[in-house]
Each structure stands twice: as structure tokens, then as C-alpha cells.
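With chain A's structure known, arrange chain B on it following the hints.
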Amino acid sequence: MPFNAIPAEDFLNREPELSYLKGLSKLKANALGGDVFLDGARGMGKTELLKQFYRILFWENNVVPFYYSFKTANLKGTYFAQDYFTGFVRQYISFVKKDPSLASNVAEPLQRLMPAISSLGLYWLIDCIEDFQGHVSKNDFYWQLVAAISAPVMAAQKMGKSVIVMLDDFDAAAHLYESSLGDAHGLISLFGESMRNRRCPHVITGSAGALEPVFTDHSLIGMTERMRLGPLPEDLAMALFRAHLTNLKITCAPGVQLEFLDILRGNPFYIKNLAKAAWKMQKNVIHEKDLIECYSFEVSDGETAFYWASVFSRYVKNPAQRKAMLKLLMHAIENGGIEEGKRLSLVSGLGEAETETLLGALTTSGIIRAKDTVLHDFIHCLYMTEIEGGNANDAREKIEAKYIQEREESFFEMVIPMSSNAELVVAKAVEQIGKNMNLDAEFLNYLQLALIEVCINAIEHSGSYEKKIFLKFITRPDKLEIIVENSGRPFSLESLKEVPVEEKMRLGMKRGWGYKLVHKIMDSVKVERVNDRTRVILTKNIDNGS
Amino acid sequence: MKSVQFSVASRREGDAAIIYPKGYLNNLSGENLVIECGIYIGKGITKIVVNFSETDLINSIGISMLLQIIEDLRNIKGTICCTNMSKLLRDTFEMLGLMQHMLVFPVESDALTYLKTGKL
Chain A
1 MPFNAIPAED FLNREPELSY LKGLSKLKAN ALGGDVFLDG ARGMGKTELL KQFYRILFWE
61 NNVVPFYYSF KTANLKGTYF AQDYFTGFVR QYISFVKKDP SLASNVAEPL QRLMPAISSL
121 GLYWLIDCIE DFQGHVSKND FYWQLVAAIS APVMAAQKMG KSVIVMLDDF DAAAHLYESS
181 LGDAHGLISL FGESMRNRRC PHVITGSAGA LEPVFTDHSL IGMTERMRLG PLPEDLAMAL
241 FRAHLTNLKI TCAPGVQLEF LDILRGNPFY IKNLAKAAWK MQKNVIHEKD LIECYSFEVS
301 DGETAFYWAS VFSRYVKNPA QRKAMLKLLM HAIENGGIEE GKRLSLVSGL GEAETETLLG
361 ALTTSGIIRA KDTVLHDFIH CLYMTEIEGG NANDAREKIE AKYIQEREES FFEMVIPMSS
421 NAELVVAKAV EQIGKNMNLD AEFLNYLQLA LIEVCINAIE HSGSYEKKIF LKFITRPDKL
481 EIIVENSGRP FSLESLKEVP VEEKMRLGMK RGWGYKLVHK IMDSVKVERV NDRTRVILTK
541 NIDNGS
Chain B
1 MKSVQFSVAS RREGDAAIIY PKGYLNNLSG ENLVIECGIY IGKGITKIVV NFSETDLINS
61 IGISMLLQII EDLRNIKGTI CCTNMSKLLR DTFEMLGLMQ HMLVFPVESD ALTYLKTGKL
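Top line first, the protein sequences correspond to chains A and B. So that you can map any letter, position 70 of the first sequence is 70 in the numbering used here, and since no number is skipped, the others follow by simple counting. So that you can map any letter, position 17 of the second sequence is 17 in the numbering used here, and since no number is skipped, the others follow by simple counting.
Just chain A, same shape as in the assembly (with noise of 0.2 Å):
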């Protein structure tokens, strides 16, 4: 419904975008353009600004706003049309007599209206409506799609008044069908001709992915802009986040930065729901460890899961797809991403043909390349539900104990080229974070050597194209770890021989010193290949008197 949405107050950071959509039935009068698609992420708002926008049309009343969302549409033909119809008599009703609770009231069968109409003196809609139901009463699928479809058109004809028409996750109108699914390909391009009227500019949402099959269709290229909804910056993220405290009568202790919040990179669902776990595990003042206890049992139990959990189900159809769908999901997260290739049904356990589906579905959905961490960390609980058999208590506590340690962490990141003497540069780097941690002075001599033994290992003996180290220092106060990767020949611990001193000194080999000093140096040196890199891992354990 158009009309639940937030307060305008609590809206925030979109008005660039409001006010550019306010304007798009000038450019469409004038041929400039007016068709917008929205892009964003999951839960970035593109619903809610629709819904915005609507209520700001509603109220200027210079323009017909109409709203239709297909999240919730049944897809069979005469249902969606009989649906899409009546939802644009009541909306233009309820614009006309500016009562939005006609809007709302979908119980109310058209028969009702008609004296509402006649009494606005809409009698061209008293017509169209008589139209509509002949076509039903004749059971004539196609014009009854088309008579829906052509609703809002025709009003702004016969009122001389623009008509912007939302559709709300648009793409799932490529799956429109007759009588069984799949039966009629292509009836999404009967929205064409409304899309092209000079009256009519079209705000739609939708998957990027579905979307741009949809969008090959000719009748529906041209005029559609695409507008990328973003993030919200920091400050208002966390301004976000305090209103909706607020408003549920939550307060933050005293001092509490809300430094968290970053993790959900300003999407307004996710702060939302945050808000709302709050609420739920009945906190009444809010520390910055409760944001992370709350935040587990989002993504693990609460909305945010469920509202995952749903997206999910929309793409697999059965018990062994959907842990299929988790493993490759999981394996995606692990490897930075997903490559091609036979060793990917391995992973999903499932044939190559059905492996290929399940990842082409993830791919148009755009999950598999989501950059997201509130979905990675939700993927993680359910992975640890349902396929390591834990329960969603263990899953939660996982995660909390997870960023309970990361708030106690110190990240940093390099790159350095492989080139003279840029080990030194590493060298001083681990000096200066050393020192950050109270380190002592001739620890972290060693500790120097032993980074300058792994980077001219990588230097010398991968044979890297790229030719950089990537570095990452993680500090905690019990330990450092320090990772140290590079593309290039592959390279194991395995390979590395022990050869006596003694026996080295009489064949005459005077390298192949550098790992051993770097085992000698470190409490643990791990190796691993990931993808076309190997990463070396290096954890030296702090005890707090060195």
C-alpha cells in the first residue's frame, strides 16, 4: 500500500532523487525522457522512496500518482489485470476525493465506487470500468491485460492530468502468464505503450539482473533512465538509527558512538530492523555491545534472516537445491567469488546442469555478487544451521563472539610492489604498528626479519605477472596476525626441505634460509592457496609482558 510509509522526517538523505522524480513528467512531456528505472541494493529504499514520492504527489496534486507492487502479485493474467485495474480506480478515486483511505480499502469491489464516481463526475472512468468488465465477462485474456496495462493513460488523456505510474519490482512481470507458468512469454512488453505515452512517465524497480533481459525488449528501451539509489552516508545512517530508537523509546547510553552501525553500510532496512531487534530483546538503553548482540539475532532469527530467508526461497525450489544454493553461496564468500567450471557441482553436490541453473539464478538475482555483509553473515548462520547441523542459539553466539573480537582489532592494509628493497617499506610499517601495541623494541626486530623473509620469498620465487604483495596487519592485544598473499607460482611449506647446517655448508647451498627463520620467529606459519594466490599467514601471540 502507498500510504504506509515512513514519516518524511524520518526519510532522509533522498532528496536529490525526490526532486529530480518530481520534475520527470516535464521531461516526458518535452521528449527528454521520463521513464526511470531505480537500481540499489536490497533495502537501500527504493520501495520507500516510491512510496514517498507517492505521498508527496498525493498531497501537490498536480500530478496522478498510481502505485502498483508486484512482490505480492498473483502472476496469472486475469488475476494481475482485475488487480492492476481496480488498484488504479481506487488510487485515482482516492487522489480525486483526497482520501487515501480509498486507496487502501481493497475489500471494497468496484460496483461501490460507482457512485463515488459519478458523484466526481468521472464518467469516462465509469466507462473504462464498463469496458474492463466486459472484457472479463467475454473472458478475453489479452484485452483485459491491455485494458489494465492501458489504465492510467488513459486518464491522463481524458483529464488532461499526468499520470506516474510505480511498479514496484517490475521484473517479476516477465513471469506473467495465461494459465500456467511459463505459457506466455513476453506480455511485460504490453506495459510498452504505456511506457512510450507522453503522459504517462513510468518509475519502476526491480532486479538489475532480471531487469536487463527485460530491457532488450525493444518497445521498452529508449526513454528509461536508470537512477542509482545509495547509501546513506555515515552521519545520517546513525541519525537514522537514533530516530528510530527514538521513536520506539530506546536511548543510547551516554558516549555510545554506534561505531557498529558501519557494518550495515547505510542501508535503511537493515538499520531499521536493527532498531526493531532492539526494540524486541526489550533494551531500553543502548551500548555499543548491545548493537552486536542485537545484530546476531538479526541475522540469525530476526527480520533481516526472515527477509533473506524469503529472497531465498524465491530461487530454489526444494530441500537439496536450497543447501546446494547455501554451499555455493558459502564457497562464493570463502573464495572472494565464484569461478567457472566443472569443480563447482563438487562444491554444490548437485549435477553440472542443475549447478548451472542454481548459479545462473543466483547471478540474476545479483546474491552471488553481493558485497554485503549483513547477507554474508546471515549465509554464515544458516550454513551453520543447516548444513554443519547447529542450532540458530550456536549460529548467533558465533557471530556476536566474532565482532566482540573485532571491535578489540586494529586492521590495517598494504601494497607493495616487488621491487628493490620495498620489504623495507614493510619492515617499517610492522616497526610503527608494533609500537602501537606497546610491542618491545628487539621483538619487533625479529619480527621485521621475518616479514622481509616472506616478501622476498614471494619476490624472488613467484614469477608473478602482477608483480605486488598484498599485506594485512591484524593486531589484537593477545595477538598479531599478518597475511601476506601474491599471485604466481604456487608455493607450500611441503616444499621446503630440511637440510642440516652442517650438510648445507659441504654441498655448498647457501640459500633456502628464510622460512626457517620466519618458523624460528613466529608462533605459526601457515600456507595456503586461494584461488591464483598463495597467502602466507604469520601469527605471533602477544603475551603482554614481551
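Hint data in this document are derived by calculation from the structure and do not stem from the laboratory. Where is the CB? At the ideal position from N, CA and C, for every residue including glycine. Certain hints may be false.
As the list claims (entries may be wrong) - What follows is a list of derived Cβ distance ranges for each label pair:
(1) 463(A) - 28(B): 18 to 24 Å
(2) 87(B) - 285(A): 51 to 57 Å
(3) 14(B) - 438(A): 45 to 51 Å
(4) 461(A) - 14(B): 42 to 48 Å
(5) 335(A) - 86(B): 40 to 46 Å
(6) 463(A) - 86(B): 33 to 39 Å
Here is chain B on its own, set in the frame of chain A:
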């Protein structure tokens, strides 16, 4: 860690040569060190003192270069003395089990006395 450009200086004292590597001892600088020692060995010097007082860092390639010098001297029944080593350097050689292949003295004068008198 100081970031001093590597250089190598040397002088003769009696029948011994004293080498002063300065800075970060890696592959390039290690080669210079080998060359410098090679010049003295070529002139018939069999006693070499390497004074590490200004060497702040050494990597495994630098170590391998030092081993080259040890081997060159061993082939002519010569002696190598290492002096003024930082704790890091000493520990590094210790870790790798290299200490038994060189004579180590706290300071240069101790090494020269030993080379002159044969006494520690």
C-alpha cells in the same frame, strides 16, 4: 630500524683485512661485501674481520653472501672473525646454527688480538 644506504668500507691491519658493511645487508649489498673480501683474498690475505657495528639488518640473501665468504676463506684455510654484532644479528645466526662456522668477538680489537696472538 635505520634506513641507511648500504656501503662497504675496509682497511688493512697487519696481515688482516677489516671490512665494515654499513646498512641493510641483502643481495646487492651482499655481493659488494663478497667482492670487497674477494679483493683481499686475491691479494693473499687469509684473515678477515667483519665489523658489523653499522649493519642494522640482514636478510637471508645477505646471510648466504656471508656464507660465500666463509666458504672462500675455508678453501684457502683462512679465518673469518665477526665482531660488534647486534643481538638481532647474533640471534639470527644462532637460530640458523651458523655460529660454529665463524669466530665471534664482541669488538674488533679482540678479533685482531686473537689473529695476532692466536689467543682468545
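Hint check results:
At roughly 21 Å, the beta-carbon separation of residue 463(A) and residue 28(B) lies within the given 18 to 24 Å, and the hint holds. The beta-carbon spacing between residue 87(B) and residue 285(A), approximately 53 Å, falls within the hinted interval of 51 to 57 Å. A hinted range of 45 to 51 Å for the beta carbons of residue 14(B) and residue 438(A) is consistent with their spacing of about 48 Å. Between residue 461(A) and residue 14(B) the C-beta distance comes to about 43 Å, which sits within the given range of 42 to 48 Å.
Checked against the hint of 40 to 46 Å, the pair residue 335(A) and residue 86(B) passes, with Cβ atoms roughly 43 Å apart. As the Cβ distance of residue 463(A) to residue 86(B) is approximately 34 Å, the hint placing it in 33 to 39 Å holds.
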